[in-house]
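Engineer: Top line first, the protein sequences correspond to chains A, B and C.
Numbering of the first sequence is given in my numbering, commencing with residue 1 and proceeding in unit increments.
Numbering of the second sequence is given in my numbering, commencing with residue 1001 and proceeding in unit increments.
Numbering of the third sequence is given in my numbering, commencing with residue 2001 and proceeding in unit increments.
Check before you lean on any hint, since a few could be wrong.
To be verified - In silico DSS-like cross-links for lysine-lysine, where the CA-CA straight-line distance does not exceed 30 Å: (1) B:Lys1004 with A:Lys91; (2) C:Lys2185 with C:Lys2085; (3) C:Lys2390 with C:Lys2305; (4) A:Lys94 with B:Lys1267; (5) C:Lys2185 with B:Lys1068.
To be verified - Output of the computed footprint for chain A on chain B, the stretches with three or more beta carbons under 8 Å from beta carbons of chain A: (6) 1027–1034; (7) 1096–1103; (8) 1139–1149.
Said to hold, decoys possible - A few chain B positions that, by computed beta-carbon distances, are all more than 12 Å from chain A: (9) Arg1011; (10) Asp1054; (11) Gly1076; (12) Thr1227; (13) Ser1254.
No lab work stands behind these hints: they were computed from the structure.
All values derive from a computational prediction rather than experimental measurement.
Beta carbons are placed, not taken as given, at the ideal position from N, Cα and C, and that holds for glycine.
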Amino acid sequence: MALKKYFPVFVLPTLAAFTIAFAVPFILGLFLSFTEFTTVIDAQWVGVSNYIRAFSNADFLNALWFTVRFTVVSVITVNVIAFALATLLTKGLKGTNIFRTTFFMPNLIGGIVLGYIWQLIINGVLRFFDVTITYDPKYGFWGLVILMNWQLIGYMMIIYIAGIQNIPTDLQDASKVDGANRWQTLRNVTIPLVMPSITICLFLTITNSFKLFDQNLALTAGAPSKQTAMLALDIYNTFYGRIGWEGVGQAKAVIFFVIVAVISFIQLALTRRREIEQ
Amino acid sequence: MSTKEKNMLGRTLIYIVLTVIGIAFLSPVFIVLINSFKGKFFISEEPFSLPDKDTFAGLENYVSGLEKTGFFSAFGWSLFITVFSVLAIVLFTSMTAWYIVRVKNKFTKALYYVFVFSMIVPFQMVMFTMTKTAGELGLDTPWGIVLIYLGFGAGLAVFMFCGFLKSVPLEIEEAAMIDGCNPVQTFFMVVFPVLKPTAITVAILNAMWIWNDYLLPYLLIGSEYKTIPVAVQYLRGGYGSVDMGALMAMLVLSIIPIIIFYLFCQKYIIKGIVAGAVKG
Amino acid sequence: MKRITAILISVAVVLTLAACGKTDNKPDTNAPQAGTVYFLNFKPEVADIYKEIAAKYKQEKGVDVKVVTAASNTYETTLKSEIAKADAPTIFQINGPVGYRAWKNYCEDLSDTKLYSYLTDKDLAVKDDNGVYGIPYVVEGYGIIYNNAIMQKYFALRDKAVSISKATDIKDFETLKAVVEDMTKHKKELGIDGVFASTSMGSGEQWRWTNHLASVPVYYEMKEDSDDSTIVSTLDEEEIDFSNSKQFRNIFDLYLNNSVTAKGLLSGKTVDNAMAEFALGKAAMVQNGNWAWEQIANVGGNAVKAEDVKYLPIYTGVEGEEKQGLCIGTENYLAINKNASAEDKKASIEFLEWLFSSETGKDYVVNKLKFISPFNTFKDDEMPEDPLAKEILSWMKKDVNNLEWTFNSFPGQQFKDDFGNALLEYVQGSKDWSHVEKTFRTSWKNER
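All chains should be built: construct the whole structure from the sequences, respecting the hints.
Structural biologist: Put into structure tokens, the structure is as follows:
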């Protein structure tokens, strides 16, 4: 086919950009995680010592644990609320479009801006107790959870709505005729049929929560004492904040990548299996 | 109570619940808006009260914020980078995806998997090396960052275009080829129009990402060309100390264009999200 | 035919992409040899003035000067990401010997420059055995700024609990404490919300304590061992006792307990807030340096008269502090990027020499930047006129022991952040003082 010769037109631009922006930096990043360096040229091979330093770094372990807890809590809250709202908005009521528009709106606002909006509000509320968000890591944790809910509920809700609308109405009607109550209909008809949406939403919320950076930086910047720093922020701080820790920062980034990759693959495998079953 | 009455009651309840949640969703933006008109030292003192005679500062925060952040130029750079990056991504990756789908060999297959793989790599992994590579190549400019976004956004875009193209029948393309079109003509006259819905989805997802992106533009061009998120973050320490008033005003100004855009393109955005989610 | 089209198009595409990379890139291609200057500025409060200076220089000499200012407390971060670029800063700042250690691969030897020869006291420069690498460009001082109008009001009270009658009689911590605590009792009559302005503990806002205040006890600790410059001797300290931690706590507690703001809210406070509280007359005292004058003067509704703004040394309760003066020094040393091109280095040095020796340049330094300059190109009357700078100059002439800026030799930003975080936890009551002491020692050891 003639197309094949057109490689330079069709593929080269994308591939060139991809190589510069991703492929080369990725391989270089893997390499640098085994070295000590300040600029790339002076890299010296040190084996796995950066990884050892990373895993014995209390800040890193704390960030990892914080991130895991945060991800679990926000994945549950976001999806439960989003699903509930989607059910309410698919009851064929008038004017639901306005609500859909409203609930989705925060999703378009960038992380930095979101962080400052919520910093103002949370500090405003905590003022009644004469403290601020950095008083206790708990405040920062729940602040981030609230922020994440505010941002992501609309997005997930849209996906759930699409999923619910795809269910043939006669199926739901049939189950009502069979005498199933609402709860049974939900469990036995709705949820299995929106399973693809649930999978997607879980995946999106997990990766988004896990990789959170901007919101974290703007809301607490890790305060107090880096106790509310998530993985991405900890890596950034290690890398740019400390001289002599660049290699460790890069090693942390590789570990971070591996964790995200594992989560993604598990997710992918689950989706595949479900697709085969259907 | 009759079924009808019961239904009425149920509906009213739902409306009440939805309205309460709706207010909860809108109030943060509203609170920022009222605070943007208060004197900067009153904002953290009494964030929930409306401005009054003592606290009202008029447009002072807006004036000082615009001055300190260079907001208009930040807006310009954000717009410039977003528009050109999105155009580049849609154009070049759709071409690449078509090539990958239609030229089936080991190389294109490998290419496809490399692109897909890049989707799951977090930015921190290449944060330093990418900035360094791009800096060495002189790509630390607004044009250069367009190229970087093309490379970085390629994964998801190629994946989505490929997914769609697999279901497009070959016949029309072959007919065009027989009529004497070369592949470039075929692509732009026959294939690209078919791709339009996916192209819109790709454009929306990437626009949302690039417009709001902070770390990449900050590290690559942040010292010279500030996009809106970079300018907002810079306010926090750029003048020795945070000016809450200017911060509030800039938050408002950065939200307004998004809301206007959203209200106009709502249909496409929501469709795009759904389509993107189903394929992603 | 098709092939040719394909090749042509691909060439076009590649060229467009290449052009993407090149357009409005470094100006060196169209203006060879000229050399350009890229100054990475450390002082956010004068960012705009440097921009003005750059424009003026371009107008006078036709040389491009790019000024970039790092957000507060992110100088090292910014420097690190900027210096890795092809278009790296040509002039940057190091904060003294510790900064030199971190950046020595980038510091050009400046011993043969006129700029170095202008230094009144050559010992002020950052040097090692081989050359001169950092040149201070400003002399600064800090202490406790007080509003004398409020002090006079207090000393006029009939039921005041102290025997002294003016602020200048305060010569040690004990007296200071007595005065401050009695003022807190009378705060309604004095019309203030608290004696001290907020102890700003927001992130990036803690340097008044982690750097400036901590400098005082460490200065005395180092002085016990030797009479050498504490900046030099501290640099070699692998570990530290923090033996005067009690004195640090003395004054820090005094700030906290007599503050305008409740302890729990301090983490939301900024330096700007504190200066505004002082400017509006809500507080009588605030610890800061002479660079803060603009911040005081520019607050709308300013209630402080210039002639009422005075300095008091930071008394902490050490032996023999009656003779203590202000903390005078600098953490601002200019360095030239060794890896820049020869033209750019030359252009950068010329720019600095112009700034600190030409009439136009000096006018900016004195009247806009308001720097007390350490160069002999400035005459005695070429000094800033604002009240804080005048106070610093007068304390320099007094027969007192003005303290060096020992914190110049503290470990890097990480140590300061660790220490600041510990202080914040102490302020908020979640950790006790021993946690602060422990953090100070362990982080010092780790970050050395």
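Engineer: None of the hints should be skipped; say for each whether it holds.
Structural biologist: Hint-by-hint comparison with the structure:
1. Distance restraint check for Lys1004 of chain B and Lys91 of chain A: the Cα-Cα separation of roughly 15 Å lies within the 30 Å cut-off, and the hinted pair is therefore satisfied.
2. In summary, the hint linking Lys2185 of chain C to Lys2085 of chain C is not supported, as the alpha carbons are separated by about 57 Å, beyond the 30 Å threshold.
3. The straight-line distance between the Cα atoms of Lys2390 of chain C and Lys2305 of chain C is roughly 14 Å, inside the 30 Å bound, and the hint therefore holds.
4. This hinted pair checks out: Lys94 of chain A and Lys1267 of chain B have alpha carbons roughly 18 Å apart, not beyond 30 Å.
5. Pair hint Lys2185 of chain C plus Lys1068 of chain B does not hold up; C-alpha atoms about 41 Å apart against a cutoff of 30 Å.
6. Coverage of a stretch by a chain is defined here by at least three residues with a beta carbon nearer than 8 Å to that chain's beta carbons; for the stretch 1027–1034 of chain B and chain A the count is 4, and the condition holds.
7. Look at the stretch 1096–1103 of chain B against chain A: 6 of its residues bring a Cβ nearer than 8 Å to a Cβ of that chain, three or more, so the hint holds.
8. Figure legend: the stretch 1139–1149 of chain B, annotated as covered by chain A; annotation consistent (4 residues with Cβ-Cβ distances under 8 Å, at least 3 required).
9. At roughly 6 Å from the closest C-beta of chain A, the C-beta of Arg1011 of chain B falls inside 12 Å, breaking its exclusion from the interface.
10. The beta carbon of Asp1054 of chain B sits about 18 Å from the closest Cβ of chain A, which is more than 12 Å, so the claim that it is off the interface holds.
11. Every CB of chain A is more than 12 Å from the CB of Gly1076 of chain B (nearest about 17 Å), matching its label as outside the interface.
12. Consistency note on Thr1227 of chain B: stated as away from chain A, yet its beta-carbon is not over 12 Å from all of that chain's, at 10 Å minimum.
13. Distance to chain A contradicts Ser1254 of chain B as a non-interface residue, since its nearest Cβ pair spans about 5 Å, not more than 12 Å.
Hints 2, 5, 9, 12 and 13 from the list above are not met by this structure, while the remaining hints are.
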